[in-house]
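According to my numbering, the sequence shown is numbered sequentially starting from 94.
Simulated from the structure, these hints should not be mistaken for laboratory data.
The structure displayed is predicted, hence computed values, not measured ones.
Even glycine gets a Cβ: it sits at the ideal position worked out from N, Cα and C.
You can trust all of the hints, since none of them are fake.
Here are the computed lysine-lysine pairs in the DSS-like style, where the Cα-Cα straight-line distance is at most 30 Å:
| no. | residue 1 | residue 2 |
| --- | --- | --- |
| 1 | K159 | K174 |
| 2 | K185 | K250 |
| 3 | K217 | K291 |
| 4 | K217 | K172 |
| 5 | K289 | K180 |
| 6 | K159 | K187 |
| 7 | K254 | K205 |
| 8 | K187 | K283 |
The following label-pair restraints were derived from C-beta to C-beta distances:
| no. | residue 1 | residue 2 | range |
| --- | --- | --- | --- |
| 9 | D100 | D156 | 39 to 45 Å |
| 10 | K109 | T131 | 19 to 25 Å |
| 11 | Y277 | E249 | 24 to 30 Å |
| 12 | D155 | E206 | 27 to 33 Å |
| 13 | Y221 | T154 | 26 to 32 Å |
| 14 | K180 | D156 | 29 to 35 Å |
| 15 | D288 | K251 | 24 to 30 Å |
| 16 | Y144 | E281 | 32 to 38 Å |
| 17 | E206 | L137 | 20 to 26 Å |
| 18 | I120 | Q99 | 28 to 34 Å |
| 19 | E206 | K109 | 38 to 44 Å |
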Amino acid sequence: MNFTQQDAQTLQNIIKARRDVRGNRFINTPIEEHKLRTILEAGLHAPSVGYSQPWKFVVITDDTIKQALVNNFTQENTKAKNIFADKPLYNKLKLEGIVEAPINIAVLYEPKEDAVLGMTSMSKMGEYSVVCAVENMWLMARALNIGIGWVSILDEKKVLKTLHVKPKTQLIAYLCVGYVDKFYNESELKTLGWDKEKVFEECVKFI
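Turn these sequences into a full structure, and let the hints steer you where they fit.
Structural data, given as structure tokens:
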């Protein structure tokens, strides 16, 4: 299948419009089942080392589980506030939307017992494959005008215990998913001045 320049431009627009959505942006509009499936299928079509497909997606709507995750976040965020004590802006940031988002998705890595092609030298390639799945989901959600926020201020072991996963499973991403009242034109952290945006020349080296 060949794509047109218009297709490429649309993809570029989606990539540039992707945002990490905070809890203060989610609205109480249910996600249609077929759109949720489309987002999940985008994750399933990510590249994976040795065609291992080492991912598992846990879709969460249960309020009790969500509250456990909020408690987890609150404890971990208290530690983070101490780390960023010299940055007053940190306390003003809304850094999760666990309850506000109608759907949460825990994206897990389930390692295989046997050797995996492509992982004999670089053992982290399995986890990286799952990260590719997250990016696919994020872009598809944005194309559907659905927001995703990645919550990383969590105690991984407690999350896995809450979800009752099998041994050796790793948490790669905890995503809050839902419709939003608006998407920012630029990264919120960039707009607020948390850090500056790197330019092309800083990130790319030709040798």
